[in-house]
Amino acid sequence: MAVFHFELDSVDELRRVQPQLIQRCTKPLIKGVVDVLQHLRILNDAEVESINEGSDLRADKCRLLIDTVIKKGDYSCNVLLREIKRQDPTLSEYLGITVADPTSNMDLK
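Quick note: the sequence shown uses UniProt numbering, first residue 1, plus one each step.
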């Protein structure tokens, strides 16, 4: 008998948690994640400026961050989810984020 293991790809995982993430993310979490994504060259300077300067509302910043990263594909979404898991484990657990260990394969030097 075959056993099938279904795992969401990172784009689908991010879309799944998006509504609750927008409601519950904090400005420090957004800033921390944006800094890492910029350091890893997932976000460019213009995208970072747009997220930081585009709106004063926390939810709008989070929504723009998520929308920008989703357009970049699975790898970028995976990095974003791993960073949320690393920087805010409580929120990650609440959202049920199921990505790989956030410390594996990341060089943040």
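Heads up, a few of these hints could be off.
[Claimed, not checked] Simulated DEER-style distance windows between Cβ atoms:
#	residue 1	residue 2	range
1	90	18	27 to 33 Å
2	26	50	16 to 22 Å
3	45	19	14 to 20 Å
4	12	53	17 to 23 Å
5	27	89	15 to 21 Å
6	56	9	19 to 25 Å
Since the hints were derived computationally from the structure, they do not count as laboratory data.
Heads up, the beta-carbon is just placed ideally off N, CA and C, and yes, glycines get one too.
At the C-beta level, are residue 12 and residue 53 separated by a distance inside 17 to 23 Å?
At 30 Å between Cβs, range violated.
Residue 27 paired with residue 89, Cβ distance criterion 15 to 21 Å:
holds, 18 Å
Residue 45 paired with residue 19, Cβ distance criterion 14 to 20 Å:
violated, 29 Å
Taking 27 to 33 Å as the stated bounds, is the beta-carbon spacing between residue 90 and residue 18 within them?
violated, 18 Å
Pairwise beta carbon distance, residue 56 to residue 9, judged against the given window 19 to 25 Å
violated, 33 Å
Look at the Cβ atoms of residue 26 and residue 50 and judge whether their distance stays inside 16 to 22 Å.
Given range 16 to 22 Å: holds, Cβ gap about 19 Å.
When each numbered hint is compared with the structure, violations occur for hints 1, 3, 4, 6.
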